[in-house]
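> Sequence:
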Amino acid sequence: MTLNVPENKSKNIESIYSLSPMQEGLLFHTLYEGESGVYFEQLSFNLSGNLNVTVFEQAWQRVVERHPVLRTLFVWENSKKPLQVVRKKVNLPWANYDWRNLSAVEQEEKFQTFLQVDRDKGFELDKAPLMRNTLIRLSEQTYKFIWSSHHLLTDGWCLPIILKEVFTFYEALNKGEDLYLPSLRPYKDYINWLQKQDFSTAKAFWQQTLQGFTASTPLVVDQVVQLSSQHKSTYQEQHLRLSEKTTSALKSLVKQHHLTLSTLLQGIWALLLSRYSGESDVIFGATVSGRPPTLSGVESMVGLFINTLPVRVQVSGDTELFKWLEQLQSQHLEREQYSWYPLVEIQRFSEIPGGRPLFESLVVFENYPVGSSLLEDTAGLEIDQIKSYERTNYPLTLVVIPGEELLVRMLYDCSRFDADTITRMGNHFLTLLEGVVINPTSQLQDLSLITEVERHQLLVEWNDTHTKYPDKCIHQLFSEQVQRTPQNIALQFDCETLTYEQLNNRANQLADYLITLGVKPDVLVGLCVERSIDMVVGLLAILKAGGAYVPLDPSYPQERLAYMLSDSQASVLLTQNSFLDYLPKHEKVVCLDKDMITVPFLEEISNISTDVKPENLAYVIYTSGSTGKPKGVAMSNRSLVNLLMWQIENGIANRDAKTLQFSPISFDVSFQEIFSTLCAGGTLVLIPDDVRRDAIALLKLLTEQKIERLFLPFVALQQLAEVAASSDYLPVSLREIITAGEQLQMTTALTNFLTRLPNCTLQNQYGPSETHVVTAFTLEPNADTQKFSSLPPIGRPIANTQIYILNSHHQPVPINVPGELYIGGVGLAREYLNRSDLTTEKFVPNPFVETSRGHRESPTPKLYKTGDLARYLPDGNIEFLGRIDNQVKIRGFRIELGEIETALTAHPQISEAVVMLREDEPNKKRLVGYIVIQNPKSKIQNILRDFLKQELPEYMVPSVFVFLDALPLTPSGKIDRRRLPVPSVSHDLESFVPPRTPTEENLAQIWQEVLGLEQVSIHDNFFECGGHSLLATQVISRLRQNWKIELPLRRLFEKPTVAQLAASIDLLLSTAQKLTEASPSHLLENQAEREEIEL
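Sequential numbering from 51 applies to the sequence shown in our numbering.
Careful: at least some of the hints might be erroneous.
[As the list claims (entries may be wrong)] In silico DSSO-like links for lysine-lysine, alpha-carbon gap of 27 Å or less:
#, residue 1, residue 2
1, Lys253, Lys139
2, Lys522, Lys570
3, Lys1024, Lys975
4, Lys131, Lys301
Source of the hints: derived by calculation from the structure; they are not laboratory data. Every value quoted in this text rests on a predicted model; they were computed, and no experiment measured them.
Generate the whole structure from the sequences, applying the supplied hints.
Following this line, the structure appears as structure tokens:
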């Protein structure tokens, strides 16, 4: 076999041998990251004294000559596995600078610039040595020394060895003496030792360790970064320091329990990851020294011995802390036996798809501090300001440095984490460690993660919503408004209008009649009418009589209406003549369009006096239930008055604004529309169902009627925005649009629509039926919608409402960490009607009653458990993340379906989109996208996958798209996912597609040979077909041979299918052809500068 190795002296080779597993990993990541500076290391310190610069250089050169690994380069092309080549002789690059003429400030500025330039320069891995030194003279007897090297050569353990030898040689040479140190075992001996290990036993261990692990533990990130050849990570670091007292206490505790400090710190990191991710099975990486005790002399050898291994930890909240840590230590001891095994192989034993990381955080425990060893035996020179720089390929690395005060360095990728997030995370880590000292006998679930300051902010400050509202019922608020504006128009339907006085009289008349039928406080009255003035009269009359209304939508199936009437045991049924045959027989039926005509009508009827109180029911609204039967949510007057008063006092539009009544009365938003208008003096405009369902007709009505306030679910709002884009009608009178019921998405159409309404605010409200609206977020006119990533937050709690975002142990989660949203306050429903079991399950005891005592509002004894996933943003707003049961997992990846839907609707041709995880065949899960496009004749399906891949990783792109004329909706306007069709065979895009071009043919052939497959479809994913990082290196090497092009390794990760990678190659070849005449060397390798070495 012939191998290309750089440099010109073919005889200057001492030995060639394989890489260690860690070296293979570092080589891969260095090639993958390109010019990012990953695993570039810098050690710098000040040298003070009478330094002999020439002798110092000679001392370093002697150390390089002494250790083969410091004369090593790496080759990987034309070989199935990469190799390291040791040169017999190398000259250590050395630079000297004199900055004595600069001020101290100028020296520091120039030094920092130098460090960055040095990092950017990096190393060519196929040229030795992979290290260089720089000496900068600052004053007569003060120097800055910088040792730059690649991590492929050495680990932290080697630093004291090398530096001690440097100063030993320096001291001898400076005295004019020659020095010969005892020879050490070369790094090659370790490689030979590795090759003799029992790989089959180690393989079995790691297979068992990772069995059933399907997805890497998610980190809380501030930004999602897509793989991109243009993306370049920037790393920063923060330092944490544990007090001497706490550090000493931790050391005593681990000694008492026969543990290592490393085990404790890894356990606490696992606990933090569990709290952040909400998972009990977590994984992270950890480095081990990798120096086998059975290898004689290993402790003084120089080379890269450390290895990075996965640490999988089960976190059970009810486990005692130190019993759990003892189990971890036992696992660590067992793992040490196989700590030499290659990580690239270990990763394949999990169920995480190839090409994805097994873990994203790394814990490094440095038990070989450089500083202390440097301060001794330095040949009369003083050393200080010791600093080191390193970069890993992991988004987050914890470097723990033991000492009298435990130091933690947190290295993080700025493209994924904000500095504040890392600060909080570090403080949480320290808080957990301090908790261990305070309560070492506690269970894991009892260790507090958040600081007391955070806890007060989350539980008290952000829930400080106390507002004094009148202790009244809904109908009383309306009656007071009648007194204030009796002649104002209250209702408008087609050509008919009613003033407040007229509406009050009609409602009083009906209420009086209902009382004669036995309606009183907490008596339920069914209301099944079409959209009309009678509907509003009926609602008001029921409340005035002291009863509670049960809305019955005439469009519901007969069976559902019959169940609701039976379950609610409504004593009276208000309806219209046309629905009598559709509804079940009932003892007391009042037809509003027939029976009321026979009741004597008086022009003025006094308001009726009843015993109804704020705690009595106002309505029971039925919502879908998991059992298939709807459940009745019973809301009191007090809860709903709180919402009304908040809405009226915080509304943007004027109190007398014209408000459209859009929602069916079976949907709780209708209550807001109707009563926040009628209790404030506004005009409620009713519309027939045909207008409600026709976005064009609705737009026209809004414009002509000069509607000022509008409540719309997102789907309807999106449809309105789309038709407005091409219509002459524009409702410029709108001052306030309020949306609720579904996640608001700032689509292109909606953003453009709002831009054309410069005086209109958009308010995103959130609240389940069990509480009605509990949070709100307002986007002011011309607000910057970009910062919300198309999904605006749901805001902060409204008046007299508390929001808690909790983990599975009912503990508050930190800012940015997802948890389940719980609701407290006066807005809670009384119960699920006739469902005490479900009421107990969903309305749970409030664990924070004591926390809030002494505050100006009394905490409610119960919280509603929503089942919604949310997180607090740093500014106190809440971000809705979807239903807990709407998070799906496919091929090892956790996916939030809403994120894909948002990406789809960002396409200008897509008006609506829903994504589902379907398993129409056993064990065949796939993502299916249901799409409504604006132009049915467009060929969007041909480019949709590529469009999504610009925003989403491959695994989040649906494999099947189904195009619909419209999405099925529930009567309340929400998307009815149960009615989405099963995709037909014609929709399936996953079938085998053979190569279409010569490039695809060659590429498919390479894949078949490297992966050992009989055939490869052009849409097959390299990593899902069994590829991994080492095989990826082989593929890239083959591509370079075949096409004589320089293709970065990460390109295969960005373009993991034959079709994608072939297109990338063709583009590169085309560009190269155009540039060849001008400067062919820019793209093609200059083979003349390479030598061939026979192996």
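> Hint check: Lys1024 vs Lys975, CA-CA at most 27 Å. Holds or violated?
Satisfied, since the Cα-Cα distance of roughly 25 Å is no more than 27 Å.
> Does Lys139 sit within 27 Å of Lys253, going by the straight-line distance between their CA atoms?
39 Å, violated
> Check the hint pairing Lys131 with Lys301 against an upper bound of 27 Å on the C-alpha distance.
44 Å, violated
> Lys522 and Lys570 were given as a pair; does the straight-line alpha-carbon distance stay at or below 27 Å?
Measuring from Cα to Cα gives roughly 17 Å; hence the hint holds.
The structure fails to meet hints 1 and 4 from the earlier list, while all remaining hints are met.
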